[in-house]
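> Each chain, written out:
Number of protein chains: 2
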Amino acid sequence: MQTIWDKRYARRVGRMQSSIIREILKWSSLPDVISFAGGLPAPEVFPVKEFERACSLVLSEAGPASLQYSPTEGFIPLREMIREFSAGYGIHAEVDEIQITSGSQQALDLLGRLFIDPGDKVVVESPTYLGALQAWNIYGAEYLTVPMDEHGMRTDRLPAVLEQKPKFIYVLPNFQNPSGVTLSLERRQELVELAARYEVPIIEDDPYSQLRYEGEHMPPVLAVDAETRGGESNVIYLSTFSKLLAPGIRLAWVIASQEIIRRIVQAKQGADLHTATFNQMIAYEVGRDGFLERHIELIRKIYGERRDVMLRAMDEHFPENVRWTHPHGGMFLWVILPEGVDAYELLPKAVDLKVAYVPGGPFHSDGSGKNTLRLNFSNAAPEMIREGIARLGALLKREL
Amino acid sequence: MQTIWDKRYARRVGRMQSSIIREILKWSSLPDVISFAGGLPAPEVFPVKEFERACSLVLSEAGPASLQYSPTEGFIPLREMIREFSAGYGIHAEVDEIQITSGSQQALDLLGRLFIDPGDKVVVESPTYLGALQAWNIYGAEYLTVPMDEHGMRTDRLPAVLEQKPKFIYVLPNFQNPSGVTLSLERRQELVELAARYEVPIIEDDPYSQLRYEGEHMPPVLAVDAETRGGESNVIYLSTFSKLLAPGIRLAWVIASQEIIRRIVQAKQGADLHTATFNQMIAYEVGRDGFLERHIELIRKIYGERRDVMLRAMDEHFPENVRWTHPHGGMFLWVILPEGVDAYELLPKAVDLKVAYVPGGPFHSDGSGKNTLRLNFSNAAPEMIREGIARLGALLKREL
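As they're listed, the protein sequences go chains A and B.
With our numbering applied, the first sequence covers 1 to 400.
With our numbering applied, the second sequence covers 1 to 400.
Bound conformation, chain A alone (with noise of 0.2 Å):
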């Protein structure tokens, strides 16, 4: 009952709306309940024995300073190995290009706060991840939607929006949360290209590119940008160890310019000094010689299978009108309901049946996507997914 408080919010508070994803994994946490809902990957696969190893070899080894203040840059060893890391796969960048983030949220958070001032408009994916709205939105951020595809991002449907000036576009270039979707070789090509043309720069947010379980590696939108441009490159590059290493430790990173990451040092500062120093060593002494790339061997494995699993068990038990995107990676899967199905309404009727997913409305800034819901694969075990994906055809089929 603090009264006085009450009174005191700021008025960008109105912006920052509870989040209905959280109301939802509330829900789906219940006992019995199948959940394909949440976000999480496998605790199964989390290298727990090398995480006990590389604590007891920092607190020996490193000792006190391993929990001491840290530079807010963060630990250059583990900016060493992100560097090597992201050159097996097309971005060449310095240490000094490289920021560590408090996972990619504190990332999107810190690029708001440079960014975006109120009324300022940003182009999204339609649908797009929900962090980055619930990022954004407490800046004043304003949205502009781009339409998506088989193919990702409708790069046709990008010059209109670059009309309207604004300040950047936010792309998930693989196996997109919520989509699942990838966007092709050409299209990267084209928003780079339009990106240039009506000089908007472009924040890539790539949190999945290393699960990919087939096809080819696709080179990220920095390196398509950067190779077009002899090397400099307009984009700002996020990534993270929660799907690579474990999420609980919170690690995550930037790729940038110098001048960027200047300004993102400064934010951070003011944010939260820096990354916890312990987490940061823990992750390169989890992830050094190799082991890093090896593990993610295993995990494109498991989730590999968990993925094969729910796409059979949703051809045998989904009815025939109901469509969905075959993911080439990542941890999740999009179903499309006919039009005037509200998953959001069906929701309950699904918890009944001890099975949950999180319905597509609030994925899209524009208030459209009733008829979809996001599944994930990545987190229950093969026959908890033969048997969730069974229940829930059984409602969609009774429903639809």
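Don't read these hints as lab results, they were simulated from the structure.
Wrong hints could be hidden among the right ones.
Intra- or inter-copy, both count: the list cannot distinguish identical chains.
As the list claims (entries may be wrong) - Capping the alpha-carbon separation at 20 Å, the derived lysine to any residue pairs in SDA-like fashion look like this: (1) Lys7 <-> Leu162; (2) Lys370 <-> Glu320; (3) Lys49 <-> Lys349; (4) Lys370 <-> Pro147.
Once you've looked at the hints, dock chain B against the given chain A.
For chain B alone, kept in the frame of chain A given last:
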């Protein structure tokens, strides 16, 4: 050379000046320099063995759950531990009135985000904690300053600034950073009475109260306020494990009403989703069963000795026209040079003599304090403190 981005920084970025302090800290880390400049805890008191034991235990018992995503509010056993710990010094809160943050810096940022609109006035002590100014500048805060004396904030000067309808009052009542001064009990009472009369709420930042080396513990401003209003309080209270366990794990907490915590949770979701699960579990395992309280006794002993060594050395070496505070706790001493002397200009000469401090100017939001400087006594070993103060004394005798 990302010129496309360069034109796109948000207006508020202009308010994020690079931290002078951080520049000075780089200087002070030169070889052979005895630095009183940082705000670092003594690394030799970090409970490294206990961290090692806790890491093993958490990874073997909680296992993958310690590496998974977790709720924004924080790990419940840790919040329960904080509840009991706080009750030990006069703060009676429920677990759902306690929010875990990624260091106190994040708490300051989230509160700025919730409460500060551009142009809003905030009451701060002069001098005040630089990190708060850094956090709030980007939200467009303007500052109303209240001078301090040896009993803390001059509450007789408060009515004049409260007339100007500030959003809130920011106070560090115990062994303030940078001045080392403690707010007297009488002034705590005056503060909460005036705040209630003018309907201006309070943020109490309290990283140091448990590090008391002489005198009696004083009730937190929150407790004084709660007593006058029968349990409820208009105070938002911040504290941290940075000085009690270790700063490199980035763990702190906010105590406030459930309504305010709910808003902080929303803001934190957009900022970094949640504080690292692993770190919260580790801190709980390290701190539980009375270890935190026993460890604080050890810190008190070591820091108390260092404070005494520094004060004795200053008595011996400093010229008569220099004054300084005699803090009863915390990590900092405050030195007042004669009027007209500029501590910032003096610093390069100090570094030539291989000793460093932080000039007091940046701690003043109103541009005053040029003749002041801050000395940290927690980080250096006693013999280093004696030597450093002798060097600084020689400089002051020569230059003043």
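> How would you label the pair Lys49, Lys349 (within, between, both, or neither) given a Cα cut-off of 20 Å?
Neither: 41 Å inside a chain and 52 Å across chains, both beyond 20 Å.
> At most 20 Å between CA atoms: does that hold for Lys370 and Glu320 within a copy, between copies, both, or neither?
within (19 Å within a copy, 76 Å between copies)
> Regarding Lys7 and Leu162, is the shortest C-alpha distance of 20 Å or less found within a copy, between copies, in both, or in neither?
Classified as between; 16 Å across copies, 39 Å inside a copy.
> With identical chains treated as interchangeable, where does the CA-CA distance between Lys370 and Pro147 reach 20 Å or less: within a copy, between copies, both, or neither?
For Lys370 and Pro147, the Cα distance is within 20 Å only inside one copy (15 Å; across copies 57 Å).
Violated hint for the displayed structure: number 3, the only one.
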